[in-house]
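Residue numbering for the sequence shown is 1 to 214, as defined by the UniProt record's numbering.
Lysine-lysine pairs mimicking DSSO-like chemistry, simulated, CA-CA at most 30 Å apart:
1) Lys147 with Lys173
2) Lys187 with Lys203
3) Lys147 with Lys203
4) Lys141 with Lys125
5) Lys42 with Lys32
6) Lys208 with Lys173
7) Lys108 with Lys188
8) Lys188 with Lys103
9) Lys125 with Lys37
10) Lys125 with Lys32
11) Lys208 with Lys187
12) Lys173 with Lys141
13) Lys208 with Lys32
14) Lys110 with Lys141
15) Lys32 with Lys110
16) Lys188 with Lys173
17) Lys147 with Lys187
18) Lys141 with Lys208
19) Lys188 with Lys208
20) Lys110 with Lys37
21) Lys203 with Lys173
22) Lys141 with Lys187
23) Lys188 with Lys141
24) Lys108 with Lys147
25) Lys187 with Lys173
26) Lys32 with Lys108
27) Lys110 with Lys125
28) Lys147 with Lys208
29) Lys125 with Lys42
Since the hints were derived computationally from the structure, they do not count as laboratory data.
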Amino acid sequence: MHSLRLRHARDEDVPAMAALDVAAFLDSPMHKAMFPKRLRIKPGIQDQLEWNILRMRRGLADANLHHLVVLADAPEEGEIIVGCAEWSAPAAGAGEYEEEEGKTAEEKAKDMELRLARLPPFLDKGALLDANDEVMELIEKSRDAFKGENRHNMWTLNSISVDGDYRGIGIGKMMTRWGMDRADEDKKGIWIISSSLGQQLYKSLGFKQDFSTC
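Model the full assembly from the supplied sequences, consistent with the hints where possible.
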């Protein structure tokens, strides 16, 4: 029986969180497409690790993002991070996002061009665009499910990773329930975009699937 403890992430947790996140998605088709060997600069997974560390440290400085870690006592290692997640709280200026969505296709393309220019060279920008298009297609198909509510005024789970040696003992549920409790307190809804692997977890917690890319 593992003793598990959930808390907010700290700066010193970031390297372990980044390693956990990379390991969790290393074999996923999207990860392989976004970090192809042909664009690799540093050996192995070093590019991905450094990118995740930079991204997570920026996230910790964002008051709208909530990074969580789950810790467990490991033999001879002491307390280690065995799970991490990132939740987005409802945006304070949700109306600004409505203005963003009201931009013309040309304006959106220009914004995306500027964002892509800031990305590191080891990221496949074409794969990133494909992933973004897929997400936006899902969101567009799901508009009726939001029942007129601004999705930026809801809680959403951006990412969740669990150490392979500690799966199946409720770590994913702990981190998901944290956000569910916050949403209940705020009287806000939740929306999640999940891979097929994560659907069982969310359905077990009462989430309903509205659309699929399959």
